[in-house]
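Produce the complete structure using the sequences and hints provided.
Number of protein chains: 2
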Amino acid sequence: MKTLDRSISRLISLLERRNPEGIEELKGLYCKCGRAHVIGITGPPGAGKSCLVAALVREIRRRGKTVGVLAVDPSSPFSDGAILGDRARMTEFSGDNGVFIRSFSARGASGGLAPVINDAVDVLDAFGKEVIIVETVGVGQVEMDIAKIAHTVVLTLVPGYGDSLQAMKAGILEIGDILVVNKSDQPGADGAVNDLSFEMPVTYGGKEFQCANIKADQWGVPIAKVSALKGDGVEDLVTVIFEHLMFITERNIFTGICQKRRSRQFLDILTQQVRDRFLETLKTDRDLQKWINKIENLKLDPYSASEQVVDLVEKARILADNGTTPRNNR
Amino acid sequence: MKTLDRSISRLISLLERRNPEGIEELKGLYCKCGRAHVIGITGPPGAGKSCLVAALVREIRRRGKTVGVLAVDPSSPFSDGAILGDRARMTEFSGDNGVFIRSFSARGASGGLAPVINDAVDVLDAFGKEVIIVETVGVGQVEMDIAKIAHTVVLTLVPGYGDSLQAMKAGILEIGDILVVNKSDQPGADGAVNDLSFEMPVTYGGKEFQCANIKADQWGVPIAKVSALKGDGVEDLVTVIFEHLMFITERNIFTGICQKRRSRQFLDILTQQVRDRFLETLKTDRDLQKWINKIENLKLDPYSASEQVVDLVEKARILADNGTTPRNNR
Chain V
3 MKTLDRSISR
13 LISLLERRNP
23 EGIEELKGLY
33 CKCGRAHVIG
43 ITGPPGAGKS
53 CLVAALVREI
63 RRRGKTVGVL
73 AVDPSSPFSD
83 GAILGDRARM
93 TEFSGDNGVF
103 IRSFSARGAS
113 GGLAPVINDA
123 VDVLDAFGKE
133 VIIVETVGVG
143 QVEMDIAKIA
153 HTVVLTLVPG
163 YGDSLQAMKA
173 GILEIGDILV
183 VNKSDQPGAD
193 GAVNDLSFEM
203 PVTYGGKEFQ
213 CANIKADQWG
223 VPIAKVSALK
233 GDGVEDLVTV
243 IFEHLMFITE
253 RNIFTGICQK
263 RRSRQFLDIL
273 TQQVRDRFLE
283 TLKTDRDLQK
293 WINKIENLKL
303 DPYSASEQVV
313 DLVEKARILA
323 DNGTTPRNNR
Chain B
3 MKTLDRSISR
13 LISLLERRNP
23 EGIEELKGLY
33 CKCGRAHVIG
43 ITGPPGAGKS
53 CLVAALVREI
63 RRRGKTVGVL
73 AVDPSSPFSD
83 GAILGDRARM
93 TEFSGDNGVF
103 IRSFSARGAS
113 GGLAPVINDA
123 VDVLDAFGKE
133 VIIVETVGVG
143 QVEMDIAKIA
153 HTVVLTLVPG
163 YGDSLQAMKA
173 GILEIGDILV
183 VNKSDQPGAD
193 GAVNDLSFEM
203 PVTYGGKEFQ
213 CANIKADQWG
223 VPIAKVSALK
233 GDGVEDLVTV
243 IFEHLMFITE
253 RNIFTGICQK
263 RRSRQFLDIL
273 TQQVRDRFLE
283 TLKTDRDLQK
293 WINKIENLKL
303 DPYSASEQVV
313 DLVEKARILA
323 DNGTTPRNNR
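Chains V and B, in that order, are what the protein sequence lines are.
For the first sequence, the residue numbers in the working numbering are 3 to 332.
For the second sequence, the residue numbers in the working numbering are 3 to 332.
No lab work stands behind these hints: they were computed from the structure.
Be careful, since some hints might not be right.
Treat identical chains as interchangeable: a pair holds within one or across any two.
[As the list claims (entries may be wrong)] Cut-off 16 Å, straight-line C-alpha distance, at most; resulting in silico cross-link-like pairs (EDC-like, lysine to aspartate or glutamate): (1) LYS232 <-> ASP187; (2) LYS4 <-> ASP98; (3) LYS34 <-> GLU298.
Computed from a predicted structure; not experimentally measured.
Following this line, the structure appears as C-alpha cells:
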C-alpha cells in the first residue's frame, strides 16, 4: 500500500472504533477541510454502482484530479461473487497514488454509518483528495443520511424498473441531482429515460439531456444514459457532474451544504455523546435494575417506565437550572 | 379488510408515527403480551424470503395456528417487480381471518425500525396472533436488532453463495437457530448444505438434518433444504421451528428472551426519549446557534464543541445530584 494511503487508512480505522486518539488527530485536521467535491452514488442493488464508480474514477483521473472512494455496503456479510468481483476491479487503481479506496460494512457500526462516513470524508478532504465519491446501496435511512453528505447526488437506475419507477417517481426524483440510466445497451433504456422525463430538456457542456425535474435551486436534473461496463456516456456524465459543482459553487450553495453538514454532524455527535454518557450513568445506577425487574415481571410497561425516568432526570435538570447551572463558559 | 385487522393496522400506523394516543393504547395492551412465538426470517436479497414466508404461513395455518407477518423491507422505495409479485402472492390470505400481513419500509423511520417492529410485535401478540413472523432483508445493524426480537431465527440462503459462505461462516452461524438452503431444486443445493455442516447430524420430529453448529444453549442448528416455490421441505421446516419453540420453552429460554427483549426495549425507548427531549431543549436554546455558527465558520470543530456542551450538561447534573435530586419516587 502507498505510504499516504496507509496514514489515511490507519486514521479511518481508529475513527471507526471511536478511538480517542483518532478523534484528537481529526480535530487538528478540520482547518484543512472544505475543499473536496463530495459525490454521492446511490441506487438499488444490481444497478451496477460499483462498476459505475470505477468508470468515474478512470475518467476523473484522466482529467488530472485526485479521488477518494468510500464504498458503503450494508449487506456486506453476504457479499456475493459479483460484489467481490467489482471490488477486485478496483485493484486496477492500486498503483495510482491519486486514488484511495475504502469499503465499509454497516455491520457492527453502532449509531449508524453516517458518523463514520462523515469522519472519513473529512480525513480524505484534509489529505487533499479533490473528489470524494461515496457509494451507497439503496435508500434506507442510513443511505439517506449519507446522501446529505454529498454536494452532488447521482442516482443510478437500470432499464426494467419501469412499472415500479412509475409508482415511486415522486420519492426517487427528490434524491438525485443527476439521474443515470446505467446498462444503456440493454433493451428498454430509452423507455426508462422517457419514463423519467417530466421537464423540457437541459443542456450541460454543450450536450442536451432529458430532464427529470427542476430542483428548488433551479437546477434541472439531467438523465444521463451510461454503459459503465463499456464506458459509453461516462465522459458526458463527468462533465455534467462538474457542471453541477460549478452551478452550486457560483450560487454559494456549495458552502451552504458544507455548513449544514457540519452543524448536522455536530448535533449527531452531541446526541451520540449525550446518549453514551446517559447509558454509562444508568449502567452504574443501582436503581436501574429495579426498573428493569419491574418491566421484566410485567409490573410496568417500558413506555411508562421510560417516561418516569426521563421525568426524574428532567426535574433534576430544572432544579439545577434554578440557580446553580454554570453558564459562564458559553 | 377484516374488522380486527383494521384495528390492528390503525394502531400500528399510530405507533409508527410515535403518536401519543397510540402509545397510551399500547400501554394498556402489555398485560396481554408474552404468548406469541416470534419467528425471524432473515438472509441476503434474492434468497426467496418472501416466497418462504408465504409457504410458512400456508403450513402454519394448515396446523390451525393464527399468524401475523411483519415484512421489513429497507430497500422498498426501489421495490422491483419480483418483490411486488411476492407481496401480491400474499393476497391469497386476504380472505383468511387468521392471517395479518403488514410491510414496513425503513424510509423515514427516525431512530431505526427496531422500535416500530417491537411495538408491532406487541400489538399482534396482544391481539392474539399465535405465531408472528418478522421478515428482514440482509443483516445490517437494523436487521441484527430485529433478529433479537425473535425467539427462533431462520437464516435463509441459496445455493451458489459457496465461496463467500466459506469466508463468512463464522459470522453467519451465529445468527440462525435454523438454516434454510432455499431453491433446493437448483444445482449446488447439496453442496451448499455440505459446506455449512460442521457438526454431527441432528434429529428433529423423527427426521435427520445436517447440523451447522451447536449453540451455547446446546441447540443443534439444523440445515433444512427447502423449495419454497414448490413447497418441498416446508412441512419439515415448520416441524423444526416448533421443535425449537419446545426446546426453548422447556429450558425457560423462551421467558428469558421475552424479558431481555423487554429490558432492551425499555433502554431503547429511554435513550430515544432522552435524545428527543435533549434535542428539543437545544432547539429552544438561544445559545445553540452560537455554537453552530462557530462550527460553520470553522472556528470550532464538531467534536470539541460537542464535548464542551456535554461537559456543561454534566456539570449541571452533578450539581443537581449534590443535594437536590428528587429520589423519593423510585
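Consistency of the hints with the structure:
1. In the homo-oligomer, the alpha carbons of LYS232 and ASP187 lie at most 16 Å apart inside one protomer (9 Å), although the nearest pairing across protomers, at 35 Å, exceeds that limit.
2. With identical chains, the CA atoms of LYS4 and ASP98 are at most 16 Å apart within one copy only, with a shortest distance of 9 Å there and 63 Å across copies.
3. For a Cα distance limit of 16 Å, the shortest separation of LYS34 from GLU298 across copies, 14 Å, qualifies, whereas the shortest one inside one copy, 51 Å, does not.
Hint check: no violations occur; every hint is consistent with the structure.
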